[in-house]
Amino acid sequence: MLDHKDIVEEIKVIVFRLKDEEYGVEVNQVKSIERLEHITRVPRTPYFVKGVINMRGIVTPIVDLRRRFGLEEAVYSETTRVIIVAVGEIEVGLIVDSANDVIDIPINAIEPPPEVVGGIEAVYLRGVAKLNRRLLILLNLDKVLNTDEIKQLENIEA
Amino acid sequence: MEMNQYLDMFIEESKEHIQAINDNLLVLENDPESVDLINEIFRSAHTLKGMAATMGFEDMAALTHEMENVLDQARNHKLVINSDIMDVIFKCVDLLETMLYSIAGGGDGKENVSHVVAMLQAILSGDFSPSAEEEVSEVAVEAVSVPEAEEQQKVGSLDEYELTVVEQSQQTGFYAYWIKTSVQDNCVLKAARAYMVYDNLDSLGEIIKTTPSVEEIEEEKFEKSFEIVLLTKETIEKVEKTVLNVSEIESVEVIVIDPKQYKTQQAPAKAPEAKPIAAKPVAVKEGAAKEEKAATVNKKPAASKTIRVDIERLDVLMNLFSELVIDRGRLEQLARESGQSELMETVEHMSRISGDLQSIILTMRMVPVEQVFNRFPRMVRDLAKDLNKKINLEIIGAETELDRTVIDEIGDPLVHLLRNSLDHGVESAEARIAAGKPEEGLVQLKAYHGGNHVFIEVKDDGAGINREKVLAKSIERGIVTEQGAANLSNKQIDELLFASGLSTADKISDVSGRGVGLDVVKTKIESLGGAVGIDSTPGAGTTFLIQLPLTLSIISAMLVQVEDEKFAVPLSSIIETAVFTPDEIMHAHQQDVIDFRGRIVPLVSLKSIFNIPDTEKPKESDISVVIVRKGDKMAGLVVDSFIGQQEIVLKSLGKYLVNVFAISGATILGDGQVALIIDCNALIK
Numbered sequence: 001m002l003d004h005k006d007i008v009e010e011i012k013v014i015v016f017r018l019k020d021e022e023y024g025v026e027v028n029q030v031k032s033i034e035r036l037e038h039i040t041r042v043p044r045t046p047y048f049v050k051g052v053i054n055m056r057g058i059v060t061p062i063v064d065l066r067r068r069f070g071l072e073e074a075v076y077s078e079t080t081r082v083i084i085v086a087v088g089e090i091e092v093g094l095i096v097d098s099a100n101d102v103i104d105i106p107i108n109a110i111e112p113p114p115e116v117v118g119g120i121e122a123v124y125l126r127g128v129a130k131l132n133r134r135l136l137i138l139l140n141l142d143k144v145l146n147t148d149e150i151k152q153l154e155n156i157e158a
Numbered sequence: 159m160e161m162n163q164y165l166d167m168f169i170e171e172s173k174e175h176i177q178a179i180n181d182n183l184l185v186l187e188n189d190p191e192s193v194d195l196i197n198e199i200f201r202s203a204h205t206l207k208g209m210a211a212t213m214g215f216e217d218m219a220a221l222t223h224e225m226e227n228v229l230d231q232a233r234n235h236k237l238v239i240n241s242d243i244m245d246v247i248f249k250c251v252d253l254l255e256t257m258l259y260s261i262a263g264g265g266d267g268k269e270n271v272s273h274v275v276a277m278l279q280a281i282l283s284g285d286f287s288p289s290a291e292e293e294v295s296e297v298a299v300e301a302v303s304v305p306e307a308e309e310q311q312k313v314g315s316l317d318e319y320e321l322t323v324v325e326q327s328q329q330t331g332f333y334a335y336w337i338k339t340s341v342q343d344n345c346v347l348k349a350a351r352a353y354m355v356y357d358n359l360d361s362l363g364e365i366i367k368t369t370p371s372v373e374e375i376e377e378e379k380f381e382k383s384f385e386i387v388l389l390t391k392e393t394i395e396k397v398e399k400t401v402l403n404v405s406e407i408e409s410v411e412v413i414v415i416d417p418k419q420y421k422t423q424q425a426p427a428k429a430p431e432a433k434p435i436a437a438k439p440v441a442v443k444e445g446a447a448k449e450e451k452a453a454t455v456n457k458k459p460a461a462s463k464t465i466r467v468d469i470e471r472l473d474v475l476m477n478l479f480s481e482l483v484i485d486r487g488r489l490e491q492l493a494r495e496s497g498q499s500e501l502m503e504t505v506e507h508m509s510r511i512s513g514d515l516q517s518i519i520l521t522m523r524m525v526p527v528e529q530v531f532n533r534f535p536r537m538v539r540d541l542a543k544d545l546n547k548k549i550n551l552e553i554i555g556a557e558t559e560l561d562r563t564v565i566d567e568i569g570d571p572l573v574h575l576l577r578n579s580l581d582h583g584v585e586s587a588e589a590r591i592a593a594g595k596p597e598e599g600l601v602q603l604k605a606y607h608g609g610n611h612v613f614i615e616v617k618d619d620g621a622g623i624n625r626e627k628v629l630a631k632s633i634e635r636g637i638v639t640e641q642g643a644a645n646l647s648n649k650q651i652d653e654l655l656f657a658s659g660l661s662t663a664d665k666i667s668d669v670s671g672r673g674v675g676l677d678v679v680k681t682k683i684e685s686l687g688g689a690v691g692i693d694s695t696p697g698a699g700t701t702f703l704i705q706l707p708l709t710l711s712i713i714s715a716m717l718v719q720v721e722d723e724k725f726a727v728p729l730s731s732i733i734e735t736a737v738f739t740p741d742e743i744m745h746a747h748q749q750d751v752i753d754f755r756g757r758i759v760p761l762v763s764l765k766s767i768f769n770i771p772d773t774e775k776p777k778e779s780d781i782s783v784v785i786v787r788k789g790d791k792m793a794g795l796v797v798d799s800f801i802g803q804q805e806i807v808l809k810s811l812g813k814y815l816v817n818v819f820a821i822s823g824a825t826i827l828g829d830g831q832v833a834l835i836i837d838c839n840a841l842i843k
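So the sequences go chain by chain: D and W. Residue numbering for the first sequence is 1 to 158, as defined by my numbering. Residue numbering for the second sequence is 159 to 843, as defined by my numbering.
One chain only, chain W, in its complex shape (with noise of 0.2 Å):
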């Protein structure tokens, strides 16, 4: 079988079962007398050892299983979950996700086991009973030989008649088999399968039986398996091989019923005899059976109506999208000067429909943060065990959506922030206790929708932050002067801890306890297009607050012309658009300003600062400004026109023209023309 092609598969699905045993364990661990739980995390940990081993990853296989067999203790109450055995499945689950990373990245997934393998197999015999060991010493064979008597109780239900045609037809050579067949998950016509499956036995020889019914299987009233019982001259192999020729069929085990064995089981009185059976029963692929039955004891959840697609044949739909929302801009532009008004209503109703379409495809990338935030809890809780302090962490809002290429960037951020707001923000316990606070810290990681943007806020309810010494280090990091810190307001003190300097400092932690490389989350999600704020009150935490655009490839902008050239402002730098009359506008130290809503702004000259050539064009008097901010700060961009506002289509300016100042991409207008898209950070100091 080639196994390239399901790689990809097994290398996500498996990070969702480590995700979910993850999971679990955290739950788990508040609550370690959940069967439930440890149900669920035996599942996960049983689908990934079988998907391990179809894959050919022993050491990953072996690991799982020897993980099953301590959650089958726990499951079947022979086994008590306490914290140290936690910590070893924790172990366990690390490893399995270090060998999943290196199979990702083209490895062979190969680590060594042995030392978690010990320590679980110590567990389980520490924990000593007969059948503990029992367990153990099956655990080194089972692949090859699992007892028969085991097998005869798979067999479902003969009832008398069925047992004697199967004894009569022995005695006349015939075998009896018990077929179990289970379909893949992806199976799109189960019924038809499971038909194409029943053909090609009765072929072989006379069905007698299936569970469930002929008609109960036609009607897809089946999971994912069904059973057959056989009897044909057939052997077990060819039986198997039958089968397997039908696509989609996931796996087939098959079991040789022995109807002396069968009784036995069936009425356990004497020990049972151990009688040879002709053929020897294999089980192909016995997880996979073994799953379902867990399966069904556990409702299984609902097929989720999604398909899995490629992120880059969405960046390429994106991008072509792109162009066709660069043809609209240039059609509509047409339609206008063209008057004919039955072109206007054709390109207005196309410009709706490309609206929809593009809220379609833009929602087609939003995945829900969940996906980054699920892997903090766990981060949270060993952080926390690690710093020996008492924290809960709350996450809020982990269905808010975010673009994928947002999503995937973000992660790293986060979890700077969550390590500073863990490690310096709440106090050990004991501080808390004497400041009067609970114990317990809370951490709170909440995400939420505002305007075009998605707010992720990461905060503490720890000491805040001690100024005086982010002052002392900033002054002896030479990142500001004397002078100037003591003009330094509390919020700009907060800010401080941006600064690049301040980070570099080793051994931060004991001085301010803060800063410990925030320049790089700074610079991060600034790349990102977003912007990250910090808001801290003595005493009673810390908040980091980040603002993150919803996309990156489409944004809104006004356009407006200086001179012969037109620029993209973006949308979410412009607080609004004023216009002054030449009165107006004072001056203050060599720069002109003016009183917007009773703060003072600076004005920048696009025309001066881009260099524009003047066209000498006749100018009016009263002077157009465009608001804009970056974080608190404002300032007034002084431009000819305003030409309106428009979707634009972010593009880079490629590799030979980097770091050009205060532009930070272009865009292609209605009339194919290019506009500069002017990056309002860069313009306010």
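For reference, chain D alone in the conformation it holds in the complex (with noise of 0.2 Å):
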């Protein structure tokens, strides 16, 4: 018999690599982890749209995260990794600097957003994770996904 005290409900996350933090999203919502391969522009979509790739046949769209959060671009090296999200009928491929780990989190470790973190605004996070002297920022797909957004972009544009 386990003693319920040692159990700790735990989060499974992929954790990436965005400028100097490290960034985590849930692993039931990633589909897979690629390189990034050639993108095919597609014109009049949001600046942080890089374009749309094949995904085993299935044509994907692929946002570049940093131009997301606003932070400064860099080049695209080695490490640079797509990551495949899927959350309800959208499918979309983050491009982040690098991605190589997965590990679990405990719930009870996870802290609301501070207000700032890193310049990206709170609403897109779910909040963050302090494991002994590793800090993980919780991305909240949902909100980084809305197309809302994109919606109004176009409507400024047109």
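Accuracy of the hints is not assured; some may be wrong.
Ranges of calculated distance between the beta carbons of each label pair, as one might list FRET restraints [as the list claims (entries may be wrong)]:
id, chain 1, residue 1, chain 2, residue 2, range
1, W, Glu734, D, Ala86, 36 to 44 Å
2, D, Ala86, W, Asp544, 45 to 53 Å
3, D, Thr147, W, Gly802, 32 to 40 Å
4, W, Lys649, D, Val75, 51 to 59 Å
Result set (SDA-like, lysine to any residue): computed pairs, CA atoms no more than 25 Å apart in a straight line [said to hold, decoys possible]:
id, chain 1, residue 1, chain 2, residue 2
5, W, Lys379, W, Leu475
6, W, Lys391, W, Tyr353
7, W, Lys775, D, Arg41
8, W, Lys813, D, Val27
9, W, Lys382, W, Leu362
10, W, Lys813, D, Gly88
11, W, Lys724, D, Lys31
12, W, Lys765, D, Arg41
13, W, Lys379, W, Glu395
14, D, Lys19, D, Glu73
15, W, Lys463, W, Tyr164
16, W, Lys843, W, His747
17, W, Lys604, W, Asp566
18, W, Lys791, W, Thr639
19, W, Lys765, D, Val27
20, W, Lys791, W, Ala657
21, W, Lys595, W, Leu703
22, W, Lys399, W, Asp357
23, D, Lys31, W, Lys775
24, D, Lys143, W, Glu734
25, W, Lys813, D, Glu22
26, W, Lys249, W, Ile553
27, W, Lys724, D, Gly57
28, W, Lys813, D, Ile110
29, D, Lys31, W, Val816
30, W, Lys791, W, Asp829
31, D, Lys31, W, Leu475
32, W, Lys813, D, Ala109
33, W, Lys813, D, Val75
34, W, Lys649, W, Ala630
35, W, Lys249, W, Met213
Just so you know, these hints were derived from the structure itself, not from any lab. Ideal placement from N, C-alpha and C gives every residue a C-beta, glycine not left out.
The task is to assemble the complex, starting from two chains supplied on their own in separate frames and drawing on the hints.
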């Protein structure tokens, strides 16, 4: 018999780097992690939409997460990865600086997002997890991938 | 019995029967004397009743039953079908359809049928005769007990010798049963099933007769059912069970042969002595048996060699095949690059085979437009009646085939257009006579193939579009300005009917006469990759022309390159490709234009409209142009080079990127890269 006190609810997250910080997305929202391949630009879309790629037969939009969060842009390198995430019916690839870890986070280690974290608006964050000396920023993908913003941008352009 | 698995089949088949009744009723209306037609309708109704009863949809069964009674009277010349009766029957069919849709939607198919049933019964009793009354009273109890004498009639002829055997065996405690077994329609090995039934029954007692003969049964020389006369000590239930134990048996009917009754039936002289017989005869699913009787009278249509396939499975197949087409493109490219002739030959062969495969898969998804068209005669009839107009609907080319997904979508737009033609196109009988036209208006629904497209025309010989009123209304609604209106051609005025502002006007019908929801039609058809046009001659009528793609998933396209980017332009929008020298480019109002066969065509630079980054590659001085069209309008897309024509698989951009300007989707090229498909309609204002 397990002692109930020992059971702490945990979530599994994929850890990726953006600029000099570590972020996490829940593993059940991640479909795969890919190397960056040829992106076809889609004209007249928001500036953070890099274009579309062929994900094994499925045309998948690619969002540059640095651009999405208004961070300074970086040159894509060997470590650059595309994290394919799925939220509801939306499937999108997120370009990140690197992705190389999967960890379990106890739910009770997650704290609400501070008002300002690395310049990224708190609305995109689910919380911050403190793991020993590591700080992990958990993304709220529903907000990150909200298409309303795209529609608004469209209206402005129109 | 687990009914769910049969529900889909029931719904499909019921739909077909209801449609058949509808169709035949419409023909019957013009030829009310035709017993053949009534028989046909009767059969459909009867099958429907049987199926509904089996599935436990009582209201449906009850209603069809009443309807059947009326039809039965009609086919026995006890009742003359008139237009009032027709209306009641049509009402029945509508009600049945409602029930069916309720069932299909997961409901219980319950409807209040009492009103229509009362009307049907009134029809029966209105034509009062002893026989009719008998029929009615029988109705109430029919399912419970059919007069025994009638049952005995069903028993096929027994000769003297057989009858004696039956009589003698009864004295020794044997029952003689007449057993009619019907196999299922889809039964594969009828003879084998029949043999198993025979064998099983043989183990219960002695078989003294079969109809048809044993040899004929073995040679599968029977339609759907066969009869056996069995002597046994077992009960009816046991016999039934024994037969039903054999799989693929649809129904079994067991009747006790009473030699005395049988004789009186065969030689009707005295009033039959009502003598109770040993066991109560039970008619299992007598509906099926009766139908069989009817079917033998009229030659059964040859079993069609088709199977029903779930459209979703075909979609999966199509998607898988799309992948194959992409890989084929890739292979072709690799083979070309490798320069190995053997590889190239193999790939070429594979391309050919997959090309054939592609056309087969596409045709598998094709269904005749008849499926949509066949509901219109009824609709037109009702509408014409409501509008008090005389209208003859002509359907041409109902066998023309279209992709199933298109078929499913095209119904509503057609309803709109037909309603329009009926309501506003065709004039009233008086107006027609005054205009020197035949009293009866003609509405034509015509489908035909043309190139990679299917065309559907809705044509009427009515008054044509009243352009003055359309214009007045359009100006009033702010769709065009007064100055703008002055410059419009007749055709452009007609096209205003599709403007969205015009349709939202309520009571438009008494103003312009047209425009009721036509923008919906246009939007729908364009969403299917089609186009709709209008052609009207005052006094002579109006024609709507719908152009639809044959399929929605694989299209032919022209691949073009601009700087480093590749785009696909659907072949359906391309008129042709051309190369112009720089001095052929003219300017008109800040716009580059070219003279294309005498027409001034504006040029659209893909590079600037799509903000394509400049790679500063050396360019040729000649200008490559793809001339595309949207309706009558043309535009020239300026590109760097033409790559070539290719079959491409349409892919959506997904839910994240919606309404991207001038891009209708994407495709995956042979090298695995994504190319965007240009929506020419968006580029031409």
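For each hint, the structure was consulted:
no.: 1; hint: Glu734(W) x Ala86(D): 36 to 44 Å; result: 43 Å, holds
no.: 2; hint: Ala86(D) x Asp544(W): 45 to 53 Å; result: 51 Å, holds
no.: 3; hint: Thr147(D) x Gly802(W): 32 to 40 Å; result: 35 Å, holds
no.: 4; hint: Lys649(W) x Val75(D): 51 to 59 Å; result: 56 Å, holds
no.: 5; hint: Lys379(W) x Leu475(W); result: 39 Å, violated
no.: 6; hint: Lys391(W) x Tyr353(W); result: 21 Å, holds
no.: 7; hint: Lys775(W) x Arg41(D); result: 19 Å, holds
no.: 8; hint: Lys813(W) x Val27(D); result: 21 Å, holds
no.: 9; hint: Lys382(W) x Leu362(W); result: 23 Å, holds
no.: 10; hint: Lys813(W) x Gly88(D); result: 10 Å, holds
no.: 11; hint: Lys724(W) x Lys31(D); result: 28 Å, violated
no.: 12; hint: Lys765(W) x Arg41(D); result: 13 Å, holds
no.: 13; hint: Lys379(W) x Glu395(W); result: 28 Å, violated
no.: 14; hint: Lys19(D) x Glu73(D); result: 9 Å, holds
no.: 15; hint: Lys463(W) x Tyr164(W); result: 20 Å, holds
no.: 16; hint: Lys843(W) x His747(W); result: 16 Å, holds
no.: 17; hint: Lys604(W) x Asp566(W); result: 18 Å, holds
no.: 18; hint: Lys791(W) x Thr639(W); result: 21 Å, holds
no.: 19; hint: Lys765(W) x Val27(D); result: 40 Å, violated
no.: 20; hint: Lys791(W) x Ala657(W); result: 17 Å, holds
no.: 21; hint: Lys595(W) x Leu703(W); result: 24 Å, holds
no.: 22; hint: Lys399(W) x Asp357(W); result: 14 Å, holds
no.: 23; hint: Lys31(D) x Lys775(W); result: 39 Å, violated
no.: 24; hint: Lys143(D) x Glu734(W); result: 46 Å, violated
no.: 25; hint: Lys813(W) x Glu22(D); result: 28 Å, violated
no.: 26; hint: Lys249(W) x Ile553(W); result: 24 Å, holds
no.: 27; hint: Lys724(W) x Gly57(D); result: 18 Å, holds
no.: 28; hint: Lys813(W) x Ile110(D); result: 31 Å, violated
no.: 29; hint: Lys31(D) x Val816(W); result: 22 Å, holds
no.: 30; hint: Lys791(W) x Asp829(W); result: 34 Å, violated
no.: 31; hint: Lys31(D) x Leu475(W); result: 24 Å, holds
no.: 32; hint: Lys813(W) x Ala109(D); result: 34 Å, violated
no.: 33; hint: Lys813(W) x Val75(D); result: 28 Å, violated
no.: 34; hint: Lys649(W) x Ala630(W); result: 16 Å, holds
no.: 35; hint: Lys249(W) x Met213(W); result: 23 Å, holds
This entry does not satisfy hints 5, 11, 13, 19, 23, 24, 25, 28, 30, 32 and 33, going by the numbered hints stated previously.
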